[in-house]
Amino acid sequence: MQFYKSDLLQYISGSISDTDLLEKLTELGLEVDQSKKEKNDLLIKLDLTPNRGDCFSLIGIAREICAVNNLKLKLPKFKKQQQNLDSKKTVSVDKRACSSYLGQIIKLKNKGKTPQYIKKTLKAADIGQVNTIVDITNYVMLHTGQPLHAFDNKKIGKKIYVKFPSKRTNLKLLDGASHFITKDFLTICDEKRAIALAGIMGCANSEVDETTQEIFLESACFEPVSIRGNARKLGFQSEASLRFERGVDKEIQEYAIKFAAQLYAEIFGGDFSKIFKQSKQHKAKKISISKEFIDSRLGTEIPATKVIKLLKALEFRVELKRNLMELTCPSHRYDIEIKEDVIEEIARIIGYDNLPSKRLKLLASSPEDTSIQKEILSKDIFVNAGFNEVINYAFVDSSFIEMLGLNKNSIKLANPMSSNQDVMRPSLIPGLLNNFEYNFNRGAQKFRIFEVGNVFTKEESWKSLAGLLFFDKSSSDWSGSFQSSFYDLRKSLDMFFSRLNIEPIYNKASINHLHPGISAEIKIKTKSIGNIGILHPAIQKKLKLPNIVLFEINLESIKLPIINSIAQPPKFPGSERDLSFLISTEIPANDFIKELKKAGGTNLRSVSLIDVYQGKGIDESLKSMTFRLFWQATGVTLEDKEVDQFVENQINHAAKIFKAELRS
Amino acid sequence: MDLAQEKKSFLSKFKEADSQDSLNSLKIEYLGKKGILSSLMSRLSNAPAEKKPKLGKSINEFKTLIEESISSSLEKIEQSALDEQLSKEAIDVTLPLSPDVGSYHPVSLIAQEISDYFKNKGYVLREGPEIESEYFNFSALNIPENHPARDMHDTFYFEDGNLLRTHTSPVQIRSMELESPPLKILCPGKVFRCDSDQTHTPMFHQVEGLVVNKDINFAHLKNEILEFVESFFKDNPKVRFRPSYFPFTEPSVEVDIQGENGWLEIMGCGMVHPNVLKNVGLNPEVYSGFAFGMGIERMTMLRYQISDIRMLFENDLRFVTKG
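These protein sequence lines are chains A and B, in that order.
Its first residue numbered 10, the first sequence is counted upward by one per residue in this note's numbering.
Its first residue numbered 2, the second sequence is counted upward by one per residue in this note's numbering.
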């Protein structure tokens, strides 16, 4: 809603400064979006909330200012025009959809020109001039909030119906376009056809123009529910639909039609028919509220006299019955429905800033979602490991997903912003690759990035954690500390698992977007929770990307560590042995270590791999692995011969299971 | 040979000794088992009894002189050898290094700061799904179909009628359905609206708080917000509460802080609308509550003086690592 201060002042007796006016409007909840000094006037633009349809009018705004500033509202009275035109019209109305329908035939005597003051008001509101007949309807709407519609009376029949169409039809509206109308659009019809879309826009078939000599002026109250959503379905909002969707004062139709009639009389001169009227008795809303309830919700004591005074200023009727205030709501405040709405009115007029504040002493204890804890912990671990967090949009390009060979079960958005954001991400990998590309093209050479976020498939959604590692070797510095092999990323991941007290299993696997020889499926016990590997060379080639290492795991499959006790470290000295085995290159180290542990007895504390060798001096099908084994018992010192026995067991076991030989 | 002469001879030899070896052999020559000192001692037994004490004392003094001279000289030599070795080991301590410094995304940092603040005030963190139903995102929050309030949210839909949540408020509904008051929760998370310009991105983050119990009032809400603003904005800005409209709160409030160029909107809040309480089976005559919500990107932009929200999701590493 946009208007001049001078137009507003017509309705206010008393003066108010520019700054005071602007401040008061915002404090009332009628947020001032912009204001501009113009000549001797002030142009004000309000950003109105959907509940305040009544303030889509100058009178509505003036009411508010008067209530908060204790000023008197000046409402002009309009005389009934002499009804000397004997024209017939019958009006029949679907009263569920239209509570009140008023119409008047006006025969325009002379040619009329839109006066300057009307032009100024329309211009302020950004409403274009059409012709004087229409300009007057718009002018009255801006003042009263009541949308009016003028039909060319020569183009319509004697009978007017307000009804829902019995079948789907095509209508040419005043915007010049044809629109397809379904049965849930309320229409104004004559005997033969629809002549307007109720509360939205008139039809071209009954349009007024410069040559129009007789109009049928409509001032109706359409129920918001019968208008809501319909304009949006057509893809536009009109000044009328904007107001009817929010609601229009049920008792203002007659005032508005008289207002307009007076203007037509002044500007054109005219003969007026009687006002044809169909309306339902409007029942004023009543709300009972106690002072105790008001005080308890606002957290302070407000004297009843003060409450009554300010409610009266807002045009509520107040009756006192025992300890209850019985309020009758003014017809223009159709947004007031319940006690809490009244409390807002009281708070608003007192001023939110003038109400007290009080510390809340309340402790509610219930456990925190573990999934949030996991997210926080994951971020902490990866940031501490030198990773940079990124946050990507949750929607990605479906063709990119397909190219990467990621889950094909992604969910499509019905109304994406653009075709490269058309599906919900089934994985965090596409986002990380985009981040890589963006930064690599801008000269970044080191990448340790990660993201935590939800991923989606048609069946489910879960919280995922993914990371990307890359280092451009040509930019290696003197220390050579930054490395980016498969093992470097796996080390970060191992550290993550170790912090969570989890022992993951890496199994060689074939994963669409990863290098078949340098990738692994990650498992906890038997459950697969993710993967790690080098980006598939074919994809690298297509995207012109270098060797990137990636991982992604499902955070929901991970449990937070529960540590109940910490064991005291053994006090007795342990024994260490180094063993070198010759093993087939096909055997994963993990499997071998597992068997060494099995055969090493309960006191085997650790198995570390200290050397791996393939090449000269060893058969091509074999690799040499050197392990350092450490035994320690809790209550005694282990004797050498006990340890010798374990070693022998291991050597035999390895020979049996893997045909491994001890290397001399 | 008398003692004085021996002393003189030692001093001249000691003067000559300039290495560890020569000092060690001097030590053996004088203090060794067959050294000069022990022969002096053996001669002492032959001396006349009355001269013995004085002579013994002199020999002991001589012994101390030898020991101290040699050991102090040895120490000096060792010290200088160590000095030499250490200076050879010296490195250039100024060689530049590039440590692998991790970083949180600025939005995460601010979300964490806000969450931590409210956790310390006794709020419990709650999460909910990002793909929601109409019911949880709108209807349960007192936003009926076709209501103009839905225009405030440009919603992403899926073909099955579900949608991407436009705010984190559905989490409040889900929490209230599961738990009974007193309830004091904080819901951070991603939300989605089809909109993109300098101040809007189709995805952003919100954090919402909800308190429900008996006797929760507007004064409590105001205090909670005022204390938060004081903690978050270090220069203690002026705060303005102004009436607004959200279908799920009544009264509804928009909170502004005084910035350099006028008021800056920072969050929305209000008393939980009785219809929302009814929708989750709570009697609004008995229970009341307040809720508040803010955009984390907005708070991030205010904290770091960022003017274009889209920068936050470009993930330029020269930018998102600097929070």
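Warning: the hint list may mix true and false statements.
[As the list claims (entries may be wrong)] Among chain B residues calculated to face chain A with C-beta under 7 Å, some are:
1. S40
2. A220
3. F320
4. T322
Rather than coming from a laboratory, the hints here were simulated on the basis of the structure.
Fair warning: this is a prediction, and the values are worked out from it, not measured in the lab.
Yeah, the Cβ is synthetic: ideal placement off N, Cα and C, and Gly gets one too.
Hint by hint, here is what the structure shows:
no.	hint	verdict
1	S40	violated, 51 Å
2	A220	holds, 3 Å
3	F320	violated, 10 Å
4	T322	holds, 5 Å
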